[in-house]
Amino acid sequence: MPSDLHSDSTGAAAAATPIDAARRRRLRWRSRRGLLENDLVLTRFFDRHEHSLSDDDVAGLDQLLDAPDNELLDLILARTELQGEAATPAAVRVLAQLRQL
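By the count of the numbering used here, the sequence shown reaches residue 107 at its end, each step adding exactly one.
Treat the hints as calculated values from the structure; they're not laboratory data.
Virtual Cβ for every residue (Gly too), placed ideally from N, Cα, C.
Hints are not guaranteed to be accurate.
Derived CB-CB ranges, DEER-like [claimed, not checked]: (1) Arg85 with Asp26: 17 to 25 angstroms; (2) Leu88 with Arg36: 16 to 24 angstroms; (3) Leu88 with Phe52: 16 to 24 angstroms.
Using the sequences provided together with the hints, build the complete structure.
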């Protein structure tokens, strides 16, 4: 399924609602990390997906960006998995996209 399409609760595909330019800039700025590895992955992610991020994707990415740098890197490298309340569908979907880079 293309990255700009998501299934709703009925299984029907719906186009992602692009986020506005100011919100994209704020999210890109927030993604700047202390670890170079995270910076490289997140920059590549934004270069490829920035204009197709839906509100759900933004929420999932925000959730991932709340993690400390080392935990985020472990998640991206699949050393650990999202657990409990952190394992929301949006966060899991964005994490899968990050891991493909």
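Verification of the supplied hints:
{"no.": "1", "hint": "Arg85 with Asp26: 17 to 25 angstroms", "verdict": "violated, 34 angstroms"}
{"no.": "2", "hint": "Leu88 with Arg36: 16 to 24 angstroms", "verdict": "holds, 19 angstroms"}
{"no.": "3", "hint": "Leu88 with Phe52: 16 to 24 angstroms", "verdict": "holds, 20 angstroms"}
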